[in-house]
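Trainee: Residues per chain are reported as follows:
Number of protein chains: 6
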Amino acid sequence: MRGFYIGRFQPYHNGHQHMVEAISDEVDELVLGIGSAGDSHTPRNPFTAGERVMMLTKSLAEFDLTTYVVPIEDLDRNSVWVSHVQSMSPKFDVAYSNNPLVIQLFEEAGVEVRRSPMFRREVLEGTELRQRMIDDGDWENLVPEPVAGVIEEIGGVDRIQHVADSDSNGAGDD
Amino acid sequence: MRGFYIGRFQPYHNGHQHMVEAISDEVDELVLGIGSAGDSHTPRNPFTAGERVMMLTKSLAEFDLTTYVVPIEDLDRNSVWVSHVQSMSPKFDVAYSNNPLVIQLFEEAGVEVRRSPMFRREVLEGTELRQRMIDDGDWENLVPEPVAGVIEEIGGVDRIQHVADSDSNGAGDD
Amino acid sequence: MRGFYIGRFQPYHNGHQHMVEAISDEVDELVLGIGSAGDSHTPRNPFTAGERVMMLTKSLAEFDLTTYVVPIEDLDRNSVWVSHVQSMSPKFDVAYSNNPLVIQLFEEAGVEVRRSPMFRREVLEGTELRQRMIDDGDWENLVPEPVAGVIEEIGGVDRIQHVADSDSNGAGDD
Amino acid sequence: MRGFYIGRFQPYHNGHQHMVEAISDEVDELVLGIGSAGDSHTPRNPFTAGERVMMLTKSLAEFDLTTYVVPIEDLDRNSVWVSHVQSMSPKFDVAYSNNPLVIQLFEEAGVEVRRSPMFRREVLEGTELRQRMIDDGDWENLVPEPVAGVIEEIGGVDRIQHVADSDSNGAGDD
Amino acid sequence: MRGFYIGRFQPYHNGHQHMVEAISDEVDELVLGIGSAGDSHTPRNPFTAGERVMMLTKSLAEFDLTTYVVPIEDLDRNSVWVSHVQSMSPKFDVAYSNNPLVIQLFEEAGVEVRRSPMFRREVLEGTELRQRMIDDGDWENLVPEPVAGVIEEIGGVDRIQHVADSDSNGAGDD
Amino acid sequence: MRGFYIGRFQPYHNGHQHMVEAISDEVDELVLGIGSAGDSHTPRNPFTAGERVMMLTKSLAEFDLTTYVVPIEDLDRNSVWVSHVQSMSPKFDVAYSNNPLVIQLFEEAGVEVRRSPMFRREVLEGTELRQRMIDDGDWENLVPEPVAGVIEEIGGVDRIQHVADSDSNGAGDD
Chain A
3 MRGFYIGRFQ PYHNGHQHMV EAISDEVDEL VLGIGSAGDS HTPRNPFTAG
53 ERVMMLTKSL AEFDLTTYVV PIEDLDRNSV WVSHVQSMSP KFDVAYSNNP
103 LVIQLFEEAG VEVRRSPMFR REVLEGTELR QRMIDDGDWE NLVPEPVAGV
153 IEEIGGVDRI QHVADSDSNG AGDD
Chain B
3 MRGFYIGRFQ PYHNGHQHMV EAISDEVDEL VLGIGSAGDS HTPRNPFTAG
53 ERVMMLTKSL AEFDLTTYVV PIEDLDRNSV WVSHVQSMSP KFDVAYSNNP
103 LVIQLFEEAG VEVRRSPMFR REVLEGTELR QRMIDDGDWE NLVPEPVAGV
153 IEEIGGVDRI QHVADSDSNG AGDD
Chain C
3 MRGFYIGRFQ PYHNGHQHMV EAISDEVDEL VLGIGSAGDS HTPRNPFTAG
53 ERVMMLTKSL AEFDLTTYVV PIEDLDRNSV WVSHVQSMSP KFDVAYSNNP
103 LVIQLFEEAG VEVRRSPMFR REVLEGTELR QRMIDDGDWE NLVPEPVAGV
153 IEEIGGVDRI QHVADSDSNG AGDD
Chain D
3 MRGFYIGRFQ PYHNGHQHMV EAISDEVDEL VLGIGSAGDS HTPRNPFTAG
53 ERVMMLTKSL AEFDLTTYVV PIEDLDRNSV WVSHVQSMSP KFDVAYSNNP
103 LVIQLFEEAG VEVRRSPMFR REVLEGTELR QRMIDDGDWE NLVPEPVAGV
153 IEEIGGVDRI QHVADSDSNG AGDD
Chain E
3 MRGFYIGRFQ PYHNGHQHMV EAISDEVDEL VLGIGSAGDS HTPRNPFTAG
53 ERVMMLTKSL AEFDLTTYVV PIEDLDRNSV WVSHVQSMSP KFDVAYSNNP
103 LVIQLFEEAG VEVRRSPMFR REVLEGTELR QRMIDDGDWE NLVPEPVAGV
153 IEEIGGVDRI QHVADSDSNG AGDD
Chain F
3 MRGFYIGRFQ PYHNGHQHMV EAISDEVDEL VLGIGSAGDS HTPRNPFTAG
53 ERVMMLTKSL AEFDLTTYVV PIEDLDRNSV WVSHVQSMSP KFDVAYSNNP
103 LVIQLFEEAG VEVRRSPMFR REVLEGTELR QRMIDDGDWE NLVPEPVAGV
153 IEEIGGVDRI QHVADSDSNG AGDD
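Residue numbers (our numbering), protein chains in the order written: chain A, 3 to 176; chain B, 3 to 176; chain C, 3 to 176; chain D, 3 to 176; chain E, 3 to 176; chain F, 3 to 176.
Certain hints may be false.
Identical chains blur together in the list; that is why a pair holds if it fits in one copy or across any two.
[Stated by the list, open to error] No farther apart than 20 Å at their CA atoms in a straight line, the calculated lysine to any residue pairs in the SDA-like style are these:
#	residue 1	residue 2
1	Lys60	Ser26
2	Lys60	Asp30
3	Lys93	Ala111
4	Lys93	Glu147
Derived from the structure by calculation, the hints contain no laboratory data.
The whole structure should be built from the sequences, with the hints applied where relevant.
Mentor: Written as structure tokens, this is what we have:
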């Protein structure tokens, strides 16, 4: 059985890693969809899709599980979102999410969804993590080791600190 | 004479129905433009364009008026909005609106606009109506009977309650 | 039962009208989807969506059938096309088409499709009809009377003759 | 040496004019990029790209400097923003900006950026200026004379006052 | 009076220069719209908008005429094309074109269009010019001197020769 | 060192597999970019991005090489194509391509490109392979075994045969 787990992974952190570990007991293969793939360089979405692909692929290597990492660009139309995801991903049997909108869309399309209380914690951890980066706090112990390596290599902390100082949402909107 | 009346119709309710009744005294034919046609599955825009087409068409049947119901997708560029609307709609002589931006755009393009104090009430009613659906309150008596039927058929109350629980604006942005 | 019949309807002609007549024996309600709604002012797609809405609505009045006329803009992505169509249209039970791609997409999505040998003839008639307009030939007897009226009102013959003289596909591409 | 200076210029005012004067000491030629070129008719972005082209071109005539005025539409993807700007502009050697995101994007792309304390003042002046227009206050002395002429010619004060009364961000979203 | 003259200007050549000279007798100011601004790096559209801005601005310096050079990205929708152009350009009174589609669109929108037999020659010259570049033929004497300088500076001949060797229309479509 | 190799992989075949084998001698890690990721269900682009992700991931398992498989949607603007690719991919040091446009774009952006005579053969093989599928010929021996499995599982031969019968390029354009 193949599962599908979507997130923005900005960045991929220990909460995500624990979720994958839990899901790995239930599926043979797992697709990880990187949402909002086109977004980057903002305080909420600091990393590019390519940078996130690297974080995930390196962190997933420790599991004995066939994984697929797929960037998914926004289509900004909820009514076709499931079809869009399905066209970008290897066919999957079950989706993992705790986001009410994602659940509603998958269920209207007849896709089985499994929830987990761990999801909510992840969201909080993502926000906390980015804030610590901005504040020069301690964040390295909240992410798998390869993620810390990627962020260091690309100058990720500098980047999020710089753009957090911006009062605009896009470069064309200054 | 043909009139044009645009709204998001999320959902079509009694306030809209009264407006159409009032307009029907002034025109021979009426085009109803369904704005933000691509939006759905959010608390503010719960219904798809197709669902709204059905609500309007069935509710308009009671009037002795030739009507056209036209979904209009957003183009996100105010300067070409009037041309976009005109290309999607049968040619019209007068537009009905109370939205200051819509009025400004039509008037700059040389289209006659008629205002009505009823418009403002409609907007309030739409917000009130959606909140009642979310709160499991009494909403059926605020909409024409065929609209209640459509909403029941598609599980509309469940949908808006589920997505209202979401803290995100789009499925790709969870 | 509700059926769905899609075409570009450039313009709506007698072949389409005969198809609708045939379909009307099989369904209670019929949705007519106007494909490539954003295209206009080319030799192959001379008329705007709004002009085509008017042609169809007026021609369908002679049938005792509840109809919905829905412009559908291109999304240029086959994998989400069915979802896009479904979001723009009242829910339908069966689709009518003879286009192999449309059939394939609907069938992969689990939608029943009915074919008809009349479809092929329509396509030929559409091409023939536009050529006659360009050549100032006799075309009025190939379309329902209201369509001839719309085309005359908008100066449609002049338009197609002028743009047919262009060697470009878009105004920005001269 | 050719410089690049980007802004929304809604409208072009004395703060911008002083910046150009200061930059003119450092460069031989200057490209002025009009950001968010597709936005107009909102309280924050009242003027079209074309109207802003006219404001800038006429105001720049007083400098003895070769200038290029280039509207730049938003691409809504920070990761390709620098390439987009570079493709729309004559090749430049140095960019002038105080926007942290713009600086970050240019620097990641290896483009030299020069900052100026004058920038921050400009942003404040733009907001103040638009508010004065809305409030029928005194604004003419905050802009170069040709800008006041353009705004008067296009009925700009009326426009911003009308759309400021709107509680929506787009005509399709009423 | 202000005129508007649109072309792709790939590249700007002597035929264009003669047209501008002729138009300069009829107008006080002239807007030059650079069409298909987003296209580049193909045999038919080798140069970026920014490169073309530079070619035009430098070539126009010899005329005693106020000119505006405005890149215009394609919108791929003929029905809103005139509005799009008008929003990107300073307001103009008359358009110059010999392209039947452009003429039709402007005239349907009520804009006066002036034709010139020189236009057709230009188109032929553009094609001929690009072919000579590809074939390493003599092309420098067909363009104003500043254009030859720009093309040399950016390695334009190398570029068109390289991409002409490609059997694909886009980098993503190889 | 990390390499980047882009193709449409419609489908992934033995020629691609040999290229990867050859490249694997030169790099430590390899990113495979799936171009035109949004295209599917046409004779030239029969498979979705997700289907191609599965083909590649399963075929690459036999190599002792860290690989990343990244779908890349078209952006239809050559001037920003390199930035787009770079944002979707883990950072790479060298690109492998024989497509003249791809080479030109990467080289203008300062990216090292390596060519191989094997590339041309691949393109021919892709066309040949799809034709054999359409003609019910022998194709299985031209692809790695896992690819044949994927194509069988999704009914790929039926699909390409059906859409090859279509005379249109898109469902909305019938």
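Trainee: Evaluate each hint against the coordinates.
Mentor: Taking the hints in turn, this is what the structure says about them:
Taking CA atoms no more than 20 Å apart as the test, Lys60 paired with Ser26 passes in both settings, with 16 Å inside one copy and 19 Å between copies. Taking identical chains as interchangeable, the C-alpha atoms of Lys60 and Asp30 lie at most 20 Å apart whether they share a chain (19 Å) or sit on different chains (14 Å). Taking CA atoms no more than 20 Å apart as the test, Lys93 paired with Ala111 passes in both settings, with 14 Å inside one copy and 14 Å between copies. Within a single copy, Lys93 and Glu147 get their C-alpha atoms only as close as 30 Å, which misses the 20 Å cut-off; across copies the closest is 19 Å, which meets it.
Hint violations for this structure: none, all hints satisfied.
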